[in-house]
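Trainee: The residues making up each chain are set out below.
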Amino acid sequence: MQRFGSVWAGLYGGLLLMLQACQSAAPPVSPRADEQPAQATLPEARYQVVQPTLEQQDEQGHLLWRLEAQALQGQSAGEQAEGTLVQVRGWLYRQGKPVLQLRAQYARAHSETREVEAWGTVQATSTISHAQLQAERILWKARDDRIIATGSVTIRWGDLVIQDERLVLDTALQRAWGGE
Amino acid sequence: MGLTTLLITNWNGGLAQTQPQRESKPTIQFGKTRISGHERYTATVQSKTRTYRLELFRSKQTPVRIEAPDQYLVIEANHLQAQFGYSDQNEPILQQVIADQGVTVRYARPKPFSRLDARARQAIYNAEQSRLTLEGDVYLEAEDAFYKTVARNHSRVVVYLEEETQRVEAFSSERDGMPQGEIIITPKEQRSP
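Residue numbers (our numbering), protein chains in the order written: chain Y, 1 to 180; chain V, 1 to 193.
To be clear, the hints were calculated from the coordinates, so they are not data collected in a lab.
These numbers were taken from a predicted model, which means no experiment stands behind them.
One thing to keep in mind: the hints can contain errors.
Simulated pairs of lysine to aspartate or glutamate, EDC-like, Cα-Cα distance not exceeding 20 angstroms [claimed, not checked]: (1) Y:K97 <-> Y:D58; (2) V:K148 <-> V:E163; (3) V:K60 <-> Y:D170; (4) V:K48 <-> Y:E82; (5) V:K25 <-> Y:E136; (6) V:K25 <-> Y:E180; (7) Y:K97 <-> Y:D170; (8) V:K48 <-> Y:D170; (9) V:K48 <-> V:E91; (10) V:K148 <-> V:E189; (11) V:K111 <-> V:E141; (12) V:K188 <-> V:E91; (13) V:K60 <-> V:E91; (14) V:K60 <-> Y:E165; (15) Y:K141 <-> Y:E55; (16) Y:K141 <-> Y:E180; (17) V:K32 <-> Y:D159; (18) V:K188 <-> V:E135; (19) V:K25 <-> Y:E165.
Residues of chain Y clear of chain V, computed beta-carbon distances all greater than 10 angstroms [what the hints assert, rightly or not]: (20) D58; (21) Q174; (22) R175.
Partner residues are not named here, just some residues of chain V that face chain Y (Cβ under 10 angstroms, in silico) [unchecked claim]: (23) T27; (24) F30; (25) A43; (26) Q81; (27) F84; (28) Y86; (29) R121.
Glycine is no exception: its CB is placed at the ideal position from the N, C-alpha and C atoms.
In isolation and in its complexed conformation, chain V is listed as follows (with noise of 0.2 angstroms):
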């Protein structure tokens, strides 16, 4: 026996070494935040700072997704980068997405009622400032209790999220010079009570 070497293997290793692997999908939850669709993916914590980052790459048959039912917010993208951390209140809460390729987003508010359903190249979600942008290529389609609006062909959407009834910014695409964006705003018919 070499002097320099400790090799104490498993006589029975064999044994664990044979059981079935159980396949299961991965899953990642943050208080009620939810991602699910990733394959490969990164997480590091900063103990100090209590936050959490991932980066996550969907997998071959789906896009990442994340949903955090308490900030009524669903997004799908082929890339998507999480900050999870801590509230004022000490409430788990999803703090920053950003998400690339191939974006879905939708935002469903109860009350006061707030829905949003957009596409683009490129999605960022800031849960301090209440802010959506969207770059790249945009499509969105949004509602309140008072208008509808659909937007095309913008480069660039600013979402405000947590105002009563919804602001949208919206920078026009352009080609040749000229802008290219669409919006159309629908008021909803009121019914008298």
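This is chain Y alone, in the form it adopts within the complex (with noise of 0.2 angstroms):
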């Protein structure tokens, strides 16, 4: 573990931000009291974790996603805690089950809107269609279940072959629509 800031209490805040996305369906838990003089002090904390994983769940407790990484990158400020994933391998669910798995330079997830997003030379393949996507920038709407693809965009069905610059497809790369 690396540290960048000064503190190891922005540091715990990143792990904190860790924790929750492993146990969003759990009931919030109240920081420890001593932790939040130490983020209200220490407004600019940055921080690296190495080898994180992050996973969310739906109410139901099925995986949405889940996110392996080999470091997380991140600073926080106040309230507000940010984070980028390097060099991530991840996983797309839908109904609990793998659908997608993806490798990226770099990804983010927001658990309130349950979106993942991936960039740099992101590769993914499906596990029910069996294509095979790769583009710079993908966005993917758990809510919707899609995908939004964007750069240099390529999706293999076997021989079929379709490359543009923006995609939009379902989780399980079975559907695609262009021009939209």
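Assembly of the complex is requested from the two constituent chains, each provided in isolation within its own frame, with the hints serving as guidance.
Mentor: Structure, rendered in structure tokens:
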């Protein structure tokens, strides 16, 4: 674990973020009393966490997504914490089953909107259709069962190859919409 | 920090987002078959049957164009539905096309020689049946080793493609109950060896 900032409190805040991601279906847990002054007094902590794993579940306890990374680079300030996963391997789920495996240089997630964004030579493979997707960036919207892929997008379904600058796909890569 | 909120945002994400966008025309390829000229489209895969369905609409500049050189076929239209799959020999083939609005069809088979240029409102190509059905104000020019054929003012023309010589069934358009269709078949001069 390597610190960019000068404080452990910021790092602890980052870990707290990940724990929340892993237990999003669980009721909120109040932070320990001794953390709050540290967050308030150290507003611009930067940190790096090595080999983190993040995941989110829905209300029924089904996994929505799971991201493993070489590192989480983040910063926290006041009540806001931000971070980027680096060298990411991830899985996107539908009804609790993994339907898409992806690799990307970077990723981030937003648990409230249930969105995952990945960028930097994104490569994804569907476990359902066995389609292979490559793009510079993807935004997955779990609630809509949609992936928006942008930048030199290529989808391969066996011998069928579609290339475009922007494509919308379902999570299992069984359907694609272009020109929208 | 709201406890139910995980917000992991990219602190240098702006860099990735400001990269210049490369504009290139979308392309679709299945084996040697290529589709171009489209703008809005939908593609669906049927994994169990290994078939792929596409529905495409023309761009502002050009109609949708599908070229299947293995099947000697080029079709252009404003709206096109295509189905791809595999032959019994597991070769990727264009199985079916339904083309609508401003349709042009070109079929050019070198051996045995067969050439066809047609215009119609709709064209249906079926590879399994080796049949091209043209409907709506059909105009057709065709040629094989022995004859040249021109057909005008037909409501429906069926072309049997895989036969050695051309076979065309034409159904005339009618006006006030009178057939308007015209077919001119001209024998080609046979050169003596």
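Trainee: Honestly, which of those hints from before does the structure not fit?
Mentor: 3, 4, 12, 13, 18, 21, 22, 26 and 29
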